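With chain A fixed as given, assemble chain B onto it according to the hints.
Each chain, letter by letter, is given below.
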Amino acid sequence: MIEAKNLTKIFKDKKRGEVRAVDDVSFTCKKGEVFGLLGPNGAGKTTTLRLLSTAIRPTSGTALIEGADIVKEPQKVRHVTGFLSGNTGLYGRLTAREMVEYFGKLYGMNKGQIVQRTNQIFDMLDMNEFADSRNEKLSTGMKQKVSIARSVLHDPPVMIFDEPTSGLDVMSSRTIVQFIRQCRDDNKCLIFSTHIMSEAMRLCDRIAIIHKGKIYFEGTVDEALEQTAYDNLEDAFIEIVGV
Amino acid sequence: MKFRNIRTIYGKEMKDTLRDRRTLIFMLIVPIVAIPLLIMFTSSLMVGAVTKAQEERATVVFEGFDNLPADLQDTFKAAPLLTVKTENDYADTIDLIDQLKAGGFDALVSVPDYFGSAIESESPTSIDIFYDQAELKSEFAVDKIRDILEPYEDKIVAARLQERQMSVEIISPFEVNRQNVASAQKVAGRELGGILPYLIIIMCFMGAMYPAIDLAAGEKERGTLETLLVSPASRGEFVIGKYLVVLTTGIVAALLSMVSLTFSLNYMVNNLLGDIASELLRLQFNLETVTLIILIILPLAGIFASVLLSVSIFARSFKEAQSYITALNMLVILPAFVSLLPGIEIDYKMALIPVINVSLIIKNAISGSVEWNYVGVAFISTLVLALLALLFCKKWFERESVIFRM
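Sequence lines, in order, name chains A and B.
Okay, so the first sequence: first residue is 1 according to the working numbering, each after it adds one.
Okay, so the second sequence: first residue is 1001 according to the working numbering, each after it adds one.
The set of hints was computed from the structure by calculation and includes no laboratory data.
Keep in mind it's a predicted model, so treat the numbers as computed, not measured.
Don't be surprised by glycine CBs; every beta carbon is placed ideally from N, CA and C.
Some clues are possibly wrong.
[As the list claims (entries may be wrong)] Below 20 Å or equal to it, Euclidean Cα-Cα: the simulated PhoX-like pairs (lysine-lysine) are:
id, chain 1, residue 1, chain 2, residue 2
1, B, K1101, B, K1085
2, B, K1144, B, K1077
3, A, K72, B, K1002
4, B, K1395, A, K12
5, A, K76, B, K1002
6, A, K137, B, K1015
7, B, K1015, A, K111
8, B, K1144, B, K1155
9, A, K5, A, K30
10, B, K1002, A, K111
11, B, K1101, B, K1137
[Stated by the list, open to error] Anything over 10 Å on all C-beta distances counts as not near chain B; from chain A, calculated:
id, residue
12, K30
13, K31
14, G141
15, D235
Here chain A stands alone, though its shape is the one from the complex (with noise of 0.2 Å):
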C-alpha cells in the first residue's frame, strides 16, 4: 500500500529560480492494484517515484509505503519496494546470475536465499540460457528481463515502475506488460508512471493526472471518462488538465 500525503519538491534552478516539481501531490494505492501516474514530459512523474523510492527526499509531505515512512524510515522503504524505469541500465562486464546476486547482498539476503529465488525467477522469465553471459551481449529483451529480475529479488510487496517500456521495441515492451500483470495477480501494489494514454487504458485499475506537479484528478479510468464525456482517455487527459 502506497499513501503519498502533501509531497511537495521544490529544485532551486539557477534559471529559473524555484521549481515546484511536485507540488502537494497526495494519493492513494491499494495491494492488488495498478494505480497509473499520468502526465506528459515534465509533469513531475518521475520526480514523485524518486521520492517514492528514496532516491531523492521531498521538501515537504511525505508518503507511507507498507506503513514506512519514506523520510524517517527509508531503509525499510527500501526493503519493501522493487523499482524500474525504462532506461534502467545493467553493468554490462557482469553476467546476469552475477548482477542479480550482487542486488541480492545489498537486500542483505542470505547465499542460500539469493539462489532458491534467483533460480525461481530464472525460470519464471526463461532466463536459464543466457543468465552466465555477459549482460552487454544480451538484446533488448533479454535485457529487459535481467532488469526484472534484479527489481523482484527480494519479493518486494510494492513496484515502482518509471516509463517501464518507453524506449523498448515491441518484444521487450509485451515482457514488461506481461510482468506488471502478474505482479498484480501476486496482489501486490503496483505504481506506474506514462505519458502513453493507450498503455494506461489497457493497464491501469486506478489512475492519477498529473501535470505541472500537481495533481489534477485520481480515479478509474472509466470515471475519468465519465467526467469528461470523452470515449479516450486522451482527450479526457486534455480536458481534465484545462490546456
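Frame of chain A; chain B shown alone:
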C-alpha cells in the same frame, strides 16, 4: 555503515573493474610493459646518438693551416677521426661562420699568421675554435681538436723547461684529486631519483583514473545509478566501497611502476652505460625505503581517489568526466615534475604542498637520505587532506543536485 555492504560493493566493483580493458591497460600494461620499453628505447637512442657522434669523422676547416708548425700539420692530417680542410676548399664561401652555422662542417679553427713565430719567440698567442654547441657532433669535434692541441702544448712546455734545465714537476706543485664518497645508491638517487617519483605519482593517478570514471560517471551513463540509490546500501557505503576500489587500482599501478622502473633503469645503466657507470649508479631498495614509499603514496592515492570520484560523479557522462579529468591531469603532472628539477630540496614549506611533498620525499628515500621530520609533516598533511577529501566526496555523493545532474 555496514561493513558487509562495503565488502559486497568492493567485491562487485573490483570484479567489474578488472574486466574493463581500459583499466587493465593503465593499471597493468603501462607500468609493466610500456614504461620499461619506453625507457630502454629512448636510452638506447640517446646512447646510440652519442656513440655515433663520437665515432664519426668530424670535418674541420682551418683558416691559416699553413701557419701551424709542420709537425702539428702532419698530426692533424693523420688524425683518424678528423677530416682536415682549409679555407681554400671553401674559396667561394663568403662567410665561413655562416657555413658552420648551416652545418656545412663541424668546426672552424682560426690560426693567426704569426702563430709559428710567436711560439718560436715564446710570446703568448692563441688559436680560436668556432663550433655549434647545439650540435652534438660539433661539440665532439672540439674535443677531437683539443686532444691534438693539448699534448702538443705539453710537448712545447716540456721542451722549454728542458732548455732552461728545469724539471716538468716545477709547474705542477700539487695535484687536486676528487674522491667520491657517495654510495652508488645515493648517486643513483640524484641522477635517476627524479624520474622515479614523477612516474610513480603519475601512474598512481592514471591507474585510478578509469575506474573512477567508470564507477561514478559510468553508473550515470548506464542508468544503473538509480537502482543502486534505491537499494538498502547507504550512500556512505557505496562511496566507501567505490573509493576503496579506486584506491586499490591507483596503488597497484604505482607499485608496479616502481618495480618495473627500478628494473628497467638498472638494466639501462648496466647495458648501455657500461660497467663503470653501473658501479657508480645503482637503484636499490631496502625494506625501509619500500615501506616508506608505500606509506607516503597511500594518502596521496587517497586524495586522487576522492577527487577523481567527486569529479566523475559530477559529470553527466563518461565523456564529460574524461574531459574534466584530462584538465585535472595537469595539476598532478606539474607538481610531480618538481622532483625532476635539480636543486629543489625539501623544507617545511615544501613538505606541506601536496604532490610536491610526496615527490620530494620519494626522491630522498631513493637516495637513502630520509629526513624523518619532513616525512612526518608530509605524511600528516597529506593524510589530513586525504581525509578531508574523502569527507567531501561522501557529502558530494549525498547531494541530489550532483547525483541527479543529468
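Cross-check of the supplied hints:
Our distance criterion of 20 Å between C-alpha atoms is met by K1101(B) and K1085(B), whose separation comes to about 17 Å. Using a Cα cut-off of 20 Å, the hinted pair K1144(B) and K1077(B) holds, with the two alpha carbons roughly 13 Å apart. With a C-alpha separation of about 19 Å, the suggested pairing of K72(A) with K1002(B) holds against the 20 Å cut-off. With a C-alpha separation of about 18 Å, the suggested pairing of K1395(B) with K12(A) holds against the 20 Å cut-off.
Of the supplied pair hints, the one linking K76(A) and K1002(B) holds, its CA atoms being roughly 15 Å apart against a limit of 20 Å. At roughly 17 Å between alpha-carbon atoms, K137(A) and K1015(B) fall within 20 Å of each other, so this suggested pair holds. Restraint check for K1015(B) and K111(A): satisfied, since their Cα atoms lie roughly 18 Å apart, inside the 20 Å limit. Restraint check for K1144(B) and K1155(B): the C-alpha separation of about 18 Å stays at or below 20 Å, so the hint holds.
Between K5(A) and K30(A), the direct Cα distance comes to roughly 14 Å. Compliance with the 20 Å bound is thereby established for this hinted pair. For the suggested pair K1002(B) and K111(A), the alpha carbons sit about 18 Å apart, so the restraint of at most 20 Å is met. Of the pairs offered as hints, the one joining K1101(B) and K1137(B) holds, with about 13 Å between alpha carbons and a cut-off of 20 Å not exceeded. The claim that K30(A) is not at the interface with chain B holds, since no C-beta of that chain comes within 10 Å of its own (minimum 22 Å).
Taking the minimum C-beta to C-beta distance to chain B, about 21 Å, the non-interface status of K31(A) holds against the 10 Å cut. Against the 10 Å criterion, G141(A) stays outside the reach of chain B, whose nearest CB is about 17 Å from its own CB. Every C-beta of chain B lies more than 10 Å from that of D235(A), the closest at about 32 Å, which supports listing it as non-interface.
Checked against the numbered hints above, the structure breaks none of them.
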